[in-house]
Amino acid sequence: MTYLAKPKLLRADAPRNTLGYTRRDYEGAISTLCAGCGHDSISAAVVQACFDLDIEPHKVAKLSGIGCSSKTPDYFLGASHGFNTTHGRMPSVLTGAALANRDLIYMGVSGDGDSASIGIGQFAHAMRRGVNMTYIVENNGVYGLTKGQFSATADKGSKSKRGVVNNDTPIDLVALALQLGASYVARSFSGDKEQLIPLIKGALRHRGPAFIDVISPCVTFNNHAGSTKSYDYVREHNDAVNRLDVILPRDQINTSYAPGELRRIVQHDGSILHLRKLDTDYDPSDRVGAMNHLQERHALGEIVTGLLYVDSSAEELHRHLNTVEKPLNQLGDAYLCPGSKALEALNAALR
Amino acid sequence: MLLMQQTVTGDRAHVKPTNIGAPDYFHKVVDCQWACPAHTPVPEYIRLIAAGHYSDAYMINWRSNVFPGILGRVCDRPCEPACRRGRVDKEPVAICRLKRVCADLKDDIQDRLPRAPEKKNGKRIACVGAGPASLTVARDLVSIGYQVTVFDSGAAPGGMMRSQIPKFRLPDSVIDEECSYIINLGVETHYNHWVNSLSEVLAEGWDAVFVGTGAPRGRDAEIPGRKEAAAHIQIGIDWLANVAFGHTTSISKRVIVLGGGNTAMDCCRSARRLGGEDVKVVVRSGFEEMKASPWEKEEAIHEGIPILNMLVPKEFVHDNGKLKGVLFEKVRAEYDAKGRRSLIPTGEPDELMECDEVLVAIGQENAFPWIEKDIGLEFDKWGMPVLDPETLQSTLPKVFFGGDAALGPKNIITAAAQGHAAAISIDLFCRGKKLQERPPPMVNLVSQKMGIHEWSYDNQVSEEERKKVPVKALEKTLKDIKLELELGFDPFMACAEAERCLNCDIETVFTVKTCIECDACVDICPTECITFTRNGEEDDLRGRLKAPAKNADQALYVSDALKTGRVMVKDENICLHCGMCAERCPTGAWDMQKFFLQCAEAGTEVRKT
Numbered sequence: 001m002t003y004l005a006k007p008k009l010l011r012a013d014a015p016r017n018t019l020g021y022t023r024r025d026y027e028g029a030i031s032t033l034c035a036g037c038g039h040d041s042i043s044a045a046v047v048q049a050c051f052d053l054d055i056e057p058h059k060v061a062k063l064s065g066i067g068c069s070s071k072t073p074d075y076f077l078g079a080s081h082g083f084n085t086t087h088g089r090m091p092s093v094l095t096g097a098a099l100a101n102r103d104l105i106y107m108g109v110s111g112d113g114d115s116a117s118i119g120i121g122q123f124a125h126a127m128r129r130g131v132n133m134t135y136i137v138e139n140n141g142v143y144g145l146t147k148g149q150f151s152a153t154a155d156k157g158s159k160s161k162r163g164v165v166n167n168d169t170p171i172d173l174v175a176l177a178l179q180l181g182a183s184y185v186a187r188s189f190s191g192d193k194e195q196l197i198p199l200i201k202g203a204l205r206h207r208g209p210a211f212i213d214v215i216s217p218c219v220t221f222n223n224h225a226g227s228t229k230s231y232d233y234v235r236e237h238n239d240a241v242n243r244l245d246v247i248l249p250r251d252q253i254n255t256s257y258a259p260g261e262l263r264r265i266v267q268h269d270g271s272i273l274h275l276r277k278l279d280t281d282y283d284p285s286d287r288v289g290a291m292n293h294l295q296e297r298h299a300l301g302e303i304v305t306g307l308l309y310v311d312s313s314a315e316e317l318h319r320h321l322n323t324v325e326k327p328l329n330q331l332g333d334a335y336l337c338p339g340s341k342a343l344e345a346l347n348a349a350l351r
Numbered sequence: 001m002l003l004m005q006q007t008v009t010g011d012r013a014h015v016k017p018t019n020i021g022a023p024d025y026f027h028k029v030v031d032c033q034w035a036c037p038a039h040t041p042v043p044e045y046i047r048l049i050a051a052g053h054y055s056d057a058y059m060i061n062w063r064s065n066v067f068p069g070i071l072g073r074v075c076d077r078p079c080e081p082a083c084r085r086g087r088v089d090k091e092p093v094a095i096c097r098l099k100r101v102c103a104d105l106k107d108d109i110q111d112r113l114p115r116a117p118e119k120k121n122g123k124r125i126a127c128v129g130a131g132p133a134s135l136t137v138a139r140d141l142v143s144i145g146y147q148v149t150v151f152d153s154g155a156a157p158g159g160m161m162r163s164q165i166p167k168f169r170l171p172d173s174v175i176d177e178e179c180s181y182i183i184n185l186g187v188e189t190h191y192n193h194w195v196n197s198l199s200e201v202l203a204e205g206w207d208a209v210f211v212g213t214g215a216p217r218g219r220d221a222e223i224p225g226r227k228e229a230a231a232h233i234q235i236g237i238d239w240l241a242n243v244a245f246g247h248t249t250s251i252s253k254r255v256i257v258l259g260g261g262n263t264a265m266d267c268c269r270s271a272r273r274l275g276g277e278d279v280k281v282v283v284r285s286g287f288e289e290m291k292a293s294p295w296e297k298e299e300a301i302h303e304g305i306p307i308l309n310m311l312v313p314k315e316f317v318h319d320n321g322k323l324k325g326v327l328f329e330k331v332r333a334e335y336d337a338k339g340r341r342s343l344i345p346t347g348e349p350d351e352l353m354e355c356d357e358v359l360v361a362i363g364q365e366n367a368f369p370w371i372e373k374d375i376g377l378e379f380d381k382w383g384m385p386v387l388d389p390e391t392l393q394s395t396l397p398k399v400f401f402g403g404d405a406a407l408g409p410k411n412i413i414t415a416a417a418q419g420h421a422a423a424i425s426i427d428l429f430c431r432g433k434k435l436q437e438r439p440p441p442m443v444n445l446v447s448q449k450m451g452i453h454e455w456s457y458d459n460q461v462s463e464e465e466r467k468k469v470p471v472k473a474l475e476k477t478l479k480d481i482k483l484e485l486e487l488g489f490d491p492f493m494a495c496a497e498a499e500r501c502l503n504c505d506i507e508t509v510f511t512v513k514t515c516i517e518c519d520a521c522v523d524i525c526p527t528e529c530i531t532f533t534r535n536g537e538e539d540d541l542r543g544r545l546k547a548p549a550k551n552a553d554q555a556l557y558v559s560d561a562l563k564t565g566r567v568m569v570k571d572e573n574i575c576l577h578c579g580m581c582a583e584r585c586p587t588g589a590w591d592m593q594k595f596f597l598q599c600a601e602a603g604t605e606v607r608k609t
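As you go down the protein sequences, you meet chains A and B in turn.
Take the first sequence: its position 196, counted from the start at 1, is 196 in the working numbering, and no numbers get skipped.
Take the second sequence: its position 297, counted from the start at 1, is 297 in the working numbering, and no numbers get skipped.
Quick caveat, the hints were computed from the structure, so don't treat them as lab data.
Even glycine gets a Cβ: it sits at the ideal position worked out from N, Cα and C.
Warning: the hint list may mix true and false statements.
[Said to hold, decoys possible] Computed footprint of chain B on chain A; a stretch qualifies when at least three of its residues, placed anywhere within it, have a C-beta under 8 Å from a C-beta of chain B: (1) 8–22; (2) 37–45; (3) 122–134.
[Claimed, not checked] From chain A, some residues computed to sit far from chain B (all C-beta separations above 10 Å): (4) A79; (5) R89; (6) A100; (7) Q149; (8) G157; (9) T169; (10) Q179; (11) G181; (12) I247; (13) G260; (14) V266; (15) E316; (16) T323.
[What the hints assert, rightly or not] Derived DMTMM-like pairs: lysine to aspartate or glutamate, alpha-carbon spacing no greater than 20 Å straight-line: (17) B:K546 x A:D245; (18) B:K550 x A:D13; (19) B:K513 x A:E236; (20) B:K280 x B:D350; (21) A:K8 x B:D350.
Modelling step: build the complete structure from the supplied sequences, incorporating the hints.
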């Protein structure tokens, strides 16, 4: 791990997005995670995704809980809003923030401990309420901050660094998210940015709860033989169902595909998800089929990755609550508290 | 241009893994050292300056380039345009002026100098000329037991460094000091000695003769009026020599300097100091194409000297031999398909610029009137000796050339580099060895790791701007031609400037078998110069990198295939050598290792393989 900040020197031809920012403008503080931590790759993927989407950093709110994963929002989008909440409570704080100001892009960053153990109730309710957010779980199967005990997502039968076998049944957050009503569900691997970056981009442009489970090896405590969340194991057992490209309305489409090879999904904001099929039978609009596929493959020891389910017509919490278009935090006192006369009128109408 | 070897497997070509064991590979990454004709280990001495070890820094320079104090003031600095910092920052590191710092601030280094062996090897070498090339040959050979005798027409050693470079840029005291380090090793000297005949020299039975007589003839402007107004027209280098030795102490008020090279810059600035009030430089070419170094042009302009471009001298206008001015034709540049320039008159009326005196500094030529044409030493059609460019041996096996006399006028650092090469050749020749089998450089590669994030070099990249060398006030310096203009960096400025060096000699070394492909190095690299990807043809590979590698002169570092079948590709072009990849690497697959290359010197044995 390094203590030095990244030098600011740029190469002369460093690319800039339409806002005039370089990738470096989307970075945060220097990471204090262990060298080689998968989480740092996820941070880099978030940086790239936000750069590619021309997102204004001040339009993003990143919230997290407690844990190695929840430290990472400090390491990307240094110019965005951030809230490091209590353990497992990111979803409720984020829900509150999203209700108060619907204009921001909400990104919840959590880990397997934060979301599958202490915060599992919070996770479940954020999904079922349809909070408009991108929920990223950086999933390494261990409690890295407390020296590598199994977390609730560790596979049954997998071994700890010291050789202890895990006997508990794992929680599959992807399966839960599907069941609980997430409208964009994906799984990826921190070591495969080509897959991960478009998945994050698609999630950021999705309306409704978008959940991405990212297997992110813990190099210090869970990257050994016997682990099912090591770099080697995930690479060997990665079963990607599709490859995603996110096409913005401004983009030119240059590539051509054979018939049947591509699935095109238009999201509410006009962005297009191009899904190149790797598994021809897989249908990402079939929620039940997705759940079955996951179970079948998991039984074979495979890790299914890709965009597993998407419902581009999904609605989100503000619509369910029928809130006004204007962010609640921008409504003035006079509007929020119209006075005793208005109250009397209201009461009279109900009498 | 493709730098890498490619192999074909099946029908797809791919780049072979880089052989970092080849001395040239990492040497090229140290751009400054690679660009330096004498291959001075630049980052190594800059680090020593930052640490305040000025004498150590001086000795590293002295070994490679022989004249650190002189070169720290007047070197052509091919290292600076090459400096990697210039690719990621506004300006390169002030390498040249840092060299001056170690010369200025060093302690007495007398006892660090080599001592000539008491017992000589019996071989006697004559050096004709006492300029930088000859003195380098003398130093290299005397230190290993040769008896070297130097002949020079001047009263003191130094050659053109003493006669042509104005004292306000290079004071005599510096020349005296650095020449004495060599002469005092036990070089026999014959000053005020004009060598008239090479065959006479050869008849004296030397084991080898080195010719380092420079390019002593200034080119003349042969246009109408030249003869008639001769009293008011002078050849630049001859005039500079007269100024240097105090024979010329004044000049007319209105002076035109013809020419756009560094000699022209020295002429105009000297003229300003000797009483020239209206001094201008007039050049045929455009400002950008001028041969003078950018900083020398800047300094002339700083001293109130206009540089006028695209003007071809047509005639010296005079009134019965009394110069009235120079008539210039206005031209513009046109380039043909091959990029060759021709100057086309614009058709505007010619311009008469009035002046009282003209200095002609339009080039230098070699002249060897003292070398007989019938002694077996061949010259080419341009009047230059026929030489092997590597060994610098002439067609007369005993006679070697170096400096401006060898391959045409260049600069001091090239002369020193050629002096080293000639000394190696002379040594091999005297020992009856093959001149082509030259000793290789000494190369070392050592890890700099001291802890998890501790390195034995300061890997924090300074974000400071290039420091400007403080100068004395113009009104003072323009009054005294011997007053050195620049003050040089003080220790604090020197340290700050030294910290700007990116330590390009601390190399990123990659080990395939320990890499777990976690991407940590890719994510942390500030200039995005590391990519893990499938192999391919070099052009294709360059385009597919995270930051496309557009500078084909800079190599790609390509690893063997990794576990996933991909390769690690690093574009050396923009690496900051900050070591973050190595700090972020969980398995130590990246290491920062110091590459040190010292060129062979005369006397180095060729290793038996």
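Test the statement that R89 (chain A) is away from the interface with chain B: the closest C-beta pair must be farther apart than 10 Å. holds (29 Å)
Pair hint K550 (chain B) and D13 (chain A), alpha-carbon separation not exceeding 20 Å
This hinted pair holds, its Cα atoms lying about 10 Å apart.
query: Would the least Cβ to Cβ distance between Q149 (chain A) and chain B come out above 10 Å?
result: About 20 Å separates Q149 (chain A) from the closest Cβ of chain B, which puts it past 10 Å; holds.
Practice problem: Could you grab the alpha-carbon distance between K280 (chain B) and D350 (chain B) and see if it respects the 20 Å cut-off? | Solution: holds (17 Å)
- Interface-negative label, G157 (chain A) against chain B, beta-carbon threshold 10 Å: Fine: 23 Å to the nearest Cβ keeps G157 (chain A) off the interface.
query = Just checking, A100 (chain A) versus chain B, shortest CB gap more than 10 Å?
reply = holds (33 Å)
> Per the stated criterion, does the least C-beta distance between V266 (chain A) and chain B lie above 10 Å, as a non-interface residue requires?
Replying inline: Given that every Cβ of chain B is farther than 10 Å from that of V266 (chain A), nearest at about 30 Å, it holds.
**Prompt:** Does D350 (chain B) lie within 20 Å of K8 (chain A) when you go C-alpha to C-alpha?
**Reply:** violated (52 Å)
(Q) Does D245 (chain A) sit within 20 Å of K546 (chain B), going by the straight-line distance between their CA atoms? (A) holds (18 Å)
Legend entry - Given as non-interface: Q179 (chain A), which should sit over 10 Å from chain B by C-beta: holds (32 Å)
### 20 Å limit on alpha-carbon distance, applied to hinted pair K513 (chain B) and E236 (chain A)
Distance of about 18 Å is within 20 Å: holds.
According to the definition I'm using, a residue is off the interface if its beta carbon is farther than 10 Å from all beta carbons of the partner; does I247 (chain A) meet that for chain B? Non-interface label on I247 (chain A) holds, nearest chain B Cβ at 21 Å vs cutoff 10 Å.
Taken one by one, the earlier hints fail for this structure at numbers 3 and 21, listed in ascending order.
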